[in-house]
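A.B. asks: Starting from the given sequences, assemble the full structure and let the hints guide the process.
2 protein chains.
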Amino acid sequence: MPLTITRFAPENLSSAEVTKSLTSDSQSASYKLEYFDLMGVGAHIRDMLSFGSAQWENLPLTVHLNWPAEVKAPLGVFPVLHIKTADGQEIRLSELVVIEHYLAKQFGLLGENEWEELLIKTFNSSSVYLRERLTLRVTWCYKEVQEKALETFFEKELPRWIETHTKHLKDNGSNGHYVGNKLSLADLQTANVIDHLKFLHKGDEMVDKIKQGSPEIWKVKEAVDSEPRLQTWRQSETYKKHASLSQVVYAHASI
Amino acid sequence: MPLTITRFAPENLSSAEVTKSLTSDSQSASYKLEYFDLMGVGAHIRDMLSFGSAQWENLPLTVHLNWPAEVKAPLGVFPVLHIKTADGQEIRLSELVVIEHYLAKQFGLLGENEWEELLIKTFNSSSVYLRERLTLRVTWCYKEVQEKALETFFEKELPRWIETHTKHLKDNGSNGHYVGNKLSLADLQTANVIDHLKFLHKGDEMVDKIKQGSPEIWKVKEAVDSEPRLQTWRQSETYKKHASLSQVVYAHASI
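If you read the protein sequences in the order shown, they are chains S and E.
First residue of the first sequence? That's 1 in the working numbering, and the numbers climb one at a time after it.
First residue of the second sequence? That's 1 in the working numbering, and the numbers climb one at a time after it.
The set of hints was computed from the structure by calculation and includes no laboratory data.
Treat the hints with care, as some may be off.
Put simply, identical chains are the same to the list, so a pair is met inside one copy or across any two.
As the list claims (entries may be wrong) - Subject to a maximum C-alpha distance of 35 Å in a straight line, what follows is the list of computed DSBU-like cross-link-like pairs (lysine-lysine):
1) K240 to K20
2) K84 to K202
3) K156 to K240
4) K32 to K198
5) K148 to K202
6) K211 to K84
7) K167 to K84
8) K167 to K20
9) K170 to K240
10) K105 to K143
11) K156 to K72
12) K198 to K143
13) K202 to K240
14) K167 to K72
15) K143 to K20
16) K219 to K20
17) K84 to K143
18) K20 to K209
19) K198 to K20
20) K202 to K219
21) K209 to K84
22) K219 to K209
23) K84 to K170
For clarity, every value in this text was computed on a predicted model and none was experimentally measured.
C.D. replies: Listed below in structure tokens is the structure:
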């Protein structure tokens, strides 16, 4: 499909000037999240923007089961986060890990010090990869191998994730948070990964395995789901549309 | 297999104390990288440790084609970076993105300001995912789908990566670096991903496609390969052993 490769920042600005635009009065920045009308890997980003009471909106891509007809993005992939800085510059961020670390930093979701930040990013990455393994080896994979890849996921990958995450959550006092005593990027990621599982073939079994196997992980999910600042967004028609389209797209996904 | 879930930091230390141990006199820290005797996702980490003239050593895992018999790690996965801080504390980092961002920060491989750091992490992530897609959909996938997944990689994923990276390298002046005018994590990642491709089935064709398709990307690889601070490590017997074992492991890999 046709691809237009866009710039990350205006051509006439030096990296020092972009840094200044991004960091001065960053509370007045506004955001657009360019992504499919799905939860997918956009759900926790939208949660963060809502949690941070940011000025933000969705910039939807045409939803086919396939990719949009024309792609305009810095790396040809989505989500892309468009930032309008306080002084009016337009900046784009691409790559999930960059977007999520950036917003988590803006909205106080990386703990209280450098070690907490490292731990939060670690648990976040581990939950991202749980979903990635499932996405690349099962969901968006060839029909003829989906069932056996799913079996491996059930027998090995999911139990290991449950076991290791439960241990570290216990070490943190089983308080519904991975690190310290407050909401973090890791909590949001895990809760949204569990929400994502629900949409998948045999997703109810996966979620049940987590719920039965780990009250500690489930407590994280409940803490996220009951966070008051996420409620308005999650009760919106747009959120509900994302959820119902996710249901349609993922239920019979394959390549 | 038996799994012992280890802690990231000593139990008796608060996160503020771990932060202090990690950040005070961080130049005197020493490192052990626990990973297979392969290049894999350890190669650019070892390059960073060498580039930073750090005190470091490899902590090898038994190399089978499969996983080691017993796993002792915080999340049951490798690599794990063991850090001995200047004041003698033993800290473990897990998850690739956390280890690579951490070391890149230590050794000045994240550019000159926040915007450069964001861009470097973006290109780094994009090259990581090029390899991940190949690893999960082709290399460590089922024999019956490997060939067609490889075809998709050749026709879609690799060309898109080449096209987008080439454009941004041109925007940076085609100077052999992704950002600014010096070596970064992104440069090291891309060069090592290309080295990794060579070990794979049809790897020579992949590397040739990059070399012919993008003098700009190839210049990054040459700049990394000719970096004097990497030479001692890359000429060592251990490095050569990692390369030859990678050849054996990846040539006929599947699950």
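A.B. asks: With reference to the structure, classify each hint as holding or not holding.
C.D. replies: Evaluated hints:
Taking identical chains as interchangeable, the C-alpha atoms of K240 and K20 are never at most 35 Å apart, the minima being 37 Å within one chain and 45 Å between chains. For the identical chains of this complex, K84 and K202 are neighbours neither inside a copy (41 Å) nor across copies (44 Å), given an alpha-carbon limit of 35 Å. For the homomeric pair K156 and K240, the shortest alpha-carbon distances inside one copy (32 Å) and between copies (33 Å) are both at most 35 Å. Only within a single protomer do K32 and K198 lie at most 35 Å apart by alpha-carbon distance; the minimum there is 27 Å, versus 40 Å between protomers.
Taking CA atoms no more than 35 Å apart as the test, K148 paired with K202 passes in both settings, with 13 Å inside one copy and 26 Å between copies. In this assembly of identical chains, the alpha carbons of K211 and K84 never lie at most 35 Å apart, being 40 Å within a copy and 37 Å across copies at closest. Taking the shortest alpha-carbon separations for K167 and K84, only the inter-copy value of 23 Å comes in at or below 35 Å, while the best intra-copy value is 41 Å. In this homomeric assembly, K167 and K20 come within 35 Å of each other (Cα to Cα) only across copies, at 25 Å, whereas the closest approach inside a single copy is 42 Å.
In this homomeric assembly, K170 and K240 come within 35 Å of each other (Cα to Cα) only inside a single copy, at 33 Å, whereas the closest approach across copies is 42 Å. Proximity of K105 and K143 under a CA criterion of 35 Å is satisfied in neither setting, with 40 Å inside one chain copy and 42 Å between copies. In the homo-oligomer, the alpha carbons of K156 and K72 lie at most 35 Å apart only across protomers (16 Å), although the nearest pairing inside one protomer, at 39 Å, exceeds that limit. For the homomeric pair K198 and K143, the shortest alpha-carbon distances inside one copy (19 Å) and between copies (29 Å) are both at most 35 Å.
In this assembly of identical chains, K202 and K240 lie within 35 Å of each other by CA distance solely inside one copy; the values are 21 Å within and 45 Å between copies. In this assembly of identical chains, K167 and K72 lie within 35 Å of each other by CA distance solely across copies; the values are 13 Å between and 43 Å within a copy. In this assembly of identical chains, K143 and K20 lie within 35 Å of each other by CA distance neither inside one copy nor across copies; the values are 49 Å within and 51 Å between. With identical chains, the CA atoms of K219 and K20 are at most 35 Å apart between copies only, with a shortest distance of 30 Å across copies and 40 Å within one.
For the identical chains of this complex, K84 and K143 are neighbours neither inside a copy (42 Å) nor across copies (47 Å), given an alpha-carbon limit of 35 Å. In this assembly of identical chains, K20 and K209 lie within 35 Å of each other by CA distance neither inside one copy nor across copies; the values are 47 Å within and 39 Å between. For a Cα distance limit of 35 Å, the shortest separation of K198 from K20 qualifies neither inside one copy, at 42 Å, nor across copies, at 41 Å. Proximity of K202 to K219 under the C-alpha cut-off of 35 Å is restricted to the intra-copy arrangement: shortest distance 22 Å within a copy versus 47 Å between copies.
In this homomeric assembly, K209 and K84 never come within 35 Å of each other (Cα to Cα): the closest approach is 42 Å inside a single copy and 38 Å across copies. Only within a single protomer do K219 and K209 lie at most 35 Å apart by alpha-carbon distance; the minimum there is 14 Å, versus 49 Å between protomers. Taking the shortest alpha-carbon separations for K84 and K170, only the inter-copy value of 25 Å comes in at or below 35 Å, while the best intra-copy value is 41 Å.
Going down the numbered hints, you'll see the structure goes against 1, 2, 6, 10, 15, 17, 18, 19, 21, while the others check out.
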